[in-house]
Each structure stands twice: as structure tokens, then as C-alpha cells.
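*Asks:* Start from the sequences and build out the full structure, keeping to the hints where you can.
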Amino acid sequence: MAIRALFPTLICHQSFTGPAWRDLNQKLADECRALAASDPAGQRWSAAHYLGGYTSYGSLDRLHLVSSLFERLRRGIDPHVKAFAGSLHYDLRGRVLAMTDCWANVMPAGVVHSMHLHPASFISGTYYVAVPKGAGALKFEDPRLSRHMAAPPRRADAPARFRSFVSVPARAGDLLLFESWLRHEVPPARFSGERISISFNYAWTGKPRR
Numbered sequence: 001m002a003i004r005a006l007f008p009t010l011i012c013h014q015s016f017t018g019p020a021w022r023d024l025n026q027k028l029a030d031e032c033r034a035l036a037a038s039d040p041a042g043q044r045w046s047a048a049h050y051l052g053g054y055t056s057y058g059s060l061d062r063l064h065l066v067s068s069l070f071e072r073l074r075r076g077i078d079p080h081v082k083a084f085a086g087s088l089h090y091d092l093r094g095r096v097l098a099m100t101d102c103w104a105n106v107m108p109a110g111v112v113h114s115m116h117l118h119p120a121s122f123i124s125g126t127y128y129v130a131v132p133k134g135a136g137a138l139k140f141e142d143p144r145l146s147r148h149m150a151a152p153p154r155r156a157d158a159p160a161r162f163r164s165f166v167s168v169p170a171r172a173g174d175l176l177l178f179e180s181w182l183r184h185e186v187p188p189a190r191f192s193g194e195r196i197s198i199s200f201n202y203a204w205t206g207k208p209r210r
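Quick note: the sequence shown uses our numbering, first residue 1, plus one each step.
If you are wondering where the hints come from, they were derived from the structure by calculation, not from laboratory data. Everything numeric in this text was worked out from a predicted model, so none of it was measured. Worth double-checking, as some hints may not be accurate.
Simulated restraints on C-beta separations [what the hints assert, rightly or not]:
(1) G110 - S15: 22 to 28 Å
(2) F7 - K133: 32 to 38 Å
(3) H89 - H116: 25 to 31 Å
(4) A37 - P187: 23 to 29 Å
(5) P187 - P40: 25 to 31 Å
No more than 30 Å apart at the CA atoms, straight line, and that leaves these computed lysine-lysine pairs for DSSO-like [stated by the list, open to error]:
(6) K139 - K27
(7) K27 - K82
(8) K139 - K82
(9) K133 - K27
Using N, Cα and C, we set each Cβ at its ideal position, and we do this for glycine too.
*Replies:* In C-alpha cells:
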């Protein structure tokens, strides 16, 4: 009997280590906390959509264009996004792949970011600046879940690639990349401190004419 795996869902998990990245993380953490304390528009948006936490998604969502630190992060992420797009076998010849959105998230214990996707984007991701012990992992949903119909439950020992939900833990300096249509969430968790992350989207366009 021949069995093939079709229509894979790929996730890229990359860890950045070393003094330069630790220094960048510390500076990014300071800037994210400063934003959370000084961004009234973001505070209002977060109070309505991000109860108990802060995100600049509703106020400052292109931080790579206004902050040298976030621009430095973008330059570090760009090659990995390009490599990930290549592993997905997309034809990017004659096309430009570029970060379009970039925002900060500061989440104390118990804050939830419910299941969602990133429309009008191609590749999305999160870079983890600070992850206290016990902080919530990023939980992904099987994109076929709504079409399982009369399927029985999976066995408890099913490999991760067969489960309906898979949680990917992260540490400071970790980068997670995924296609923007893949639904994901941050479940509630108990921990001490703040989970600080930077989320972003990439899109592709045709090369500009000269």
C-alpha cells in the first residue's frame, strides 16, 4: 500500500543567539515597554481588543519604518523569510518580497490573543524578545479542521503532524515564520513578568519599473 503526504503546512523555527542578538533583545525590550507606556492610541485599542496587555497593532504597525532597532531586526529576519518562501516553492522571480507591517506586543500573565490569521499578507511571523518561564506558546490550528466532518478523534499518541492543534514553545531570540492563512493564537498562561514579542507580515509585489 502506497501512502503519500500531500498539502503540507510548513512552519520555520529559527533561534538567534550570541552577544549581538542578546544586546538587540535588551534594547528591543526597553523600546517595547516604552511604547506600551507612552502610546495612548495603542492603549485604547488594546483595552478594547487585547484585554490586560498592549499591542501597537492598532496604532504603530510599521515600526520598522520609524525605529532603527526594528529596522535592524528586519534586516536580520529578511534572509530567513526569503529562504522560507523558497522552501515553499513559490516563484518569486521578478518579484519583491518585503516587510509591510511590524508591531510590538507586551503580554502579562493571563492575556489571551484569540485564534486569528493575517489577511492580505503572504508570510507572517513572530520574533520573541522576552519569554518568561511558563509563558504561553504559539498554538497553531490544522487548516483542514472545519472539513473533518465525521472524523473520529485522534489517538492521544498521534504525532504532531496529525493533531488538530500544535503548540510551539519559544524562547527569547526565537523566530517563527508561517504562511499568513494559518490560524493561530496565544492561549492564557501563568508566569511572572511580561512576554514581549514583535509580530510582522511580508507581502510580494512585482519589481518596480525604472
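*Asks:* Next, verify each hint and record whether it holds.
*Replies:* Structure-based check of all given hints:
The hinted window of 22 to 28 Å between G110 and S15 holds, with their beta carbons roughly 27 Å apart. For F7 paired with K133, a C-beta distance near 36 Å keeps the hint of 32 to 38 Å intact. For the pair H89 and H116, the supplied restraint of 25 to 31 Å holds, since their beta-carbon distance comes to about 26 Å. The supplied range of 23 to 29 Å is met by A37 and P187, whose beta-carbon atoms lie about 26 Å from each other.
At roughly 28 Å, the beta carbons of P187 and P40 sit within the given window of 25 to 31 Å. Among the hinted pairs, K139 with K27 is consistent with the structure: their alpha-carbon atoms are about 27 Å apart, no more than 30 Å. Distance check on the hinted pair: K27 and K82 sit about 26 Å apart at the alpha-carbon level, within 30 Å; holds. With a C-alpha separation of about 24 Å, the suggested pairing of K139 with K82 holds against the 30 Å cut-off.
Between the alpha carbons of K133 and K27 the distance comes to roughly 20 Å, so the proposed pair stays at or under 30 Å and holds.
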